[in-house]
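Chain residues, written in single-letter form:
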Amino acid sequence: MSGAKENVEPASLDPAAKAELDRAFEELYRDHLKDVYSYAYYRVGNQHDAEDLTEQAFLQAYRHFDRARRESDGRPLRPWLIRIAHNLALNYYRDRSRRPQTPLDSADPIPARHGTEAIAEGREELRQVMEKLDCLGDDRRDALIMRFALGMDNREIARALGRSDGATKVLIHRAIKQLEEEMSDE
Amino acid sequence: MSEASERLTGSTWDVERLLGDALRPIEPPERLSGRFEDTLSAVTQAAAEELSSWAEELSESELRSLRDPRNWVRPVVAASAGGVATGALVLLEIRRRSRHQARGGLRSLAGRVRP
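Chains as they are written, first to last, in my numbering: chain A, 1 to 186; chain B, 1 to 115.
Everything labelled a hint here was simulated from the structure, so no lab data went into it. Glycine included, C-beta positions come from ideal geometry on N, C-alpha and C.
Quick list of simulated restraints, FRET-style, between CB atoms:
1) V170/A - A42/B: 42 to 48 Å
2) A42/B - P15/A: 18 to 24 Å
3) E181/A - G20/B: 15 to 21 Å
This is chain A alone, in the form it adopts within the complex:
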């Protein structure tokens, strides 16, 4: 991030307001770091780029935090944060002009949540579903990542993707249906 001498909005506030804003931002960071990182990780597929994307997402969030808080009307800011990460991820892929295909050897394995035996039994299915997920359109894949990795509800996903609630419900339904069909074709 060398040379990033940017227009950081909160720096222009008076000290007391800035301290309050920083405290609120710290809380936002603490509450949602895992969400943003999980989204970034599943989106870009490796730890290194996920860290970069997470850091950039929070830097952007910090820059616009004051305004976002004022305009949020008390609504949760998680969809806004994820939307920032979503847009950064789109730029990331646009910049590379293609979706990455080469496996990583330096990234850590997906952390285990269940017992080893259960994972061994389900691994082939998990591998398949991850492959099929990668073949979905951007919005369908992202909506499923938001739903299942982050536990976001339809309304939150709608706000993160800039869609209506109804369109998001249909998007998720179709994404799951498409995965089911493709899994059945295997």
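Since the structure of chain A is provided, determine the placement of chain B on it from the hints.
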């Protein structure tokens, strides 16, 4: 019945359950918070220094001129341009790093879930 075989109901996959298992929340590495704090502190410090040195360089007449709202458009445009330039720097940094590492998306994650 094993967990894996339960995932099949007739000919239909229980995709929602598979997704729930596959897309687990990922704990961020501990170093990330420290790294973010360092970057944020460097960025805000740099911005404060820029503002401060900019103000010191202004003459009294320039300061008077700045108080005139008719002259506010230029600084606003300059500040916006600064923000855009910063965004570009940030993207360049990501691009530079990504060039060094050809890395995979979900497909590579899938590849690492070995049977």
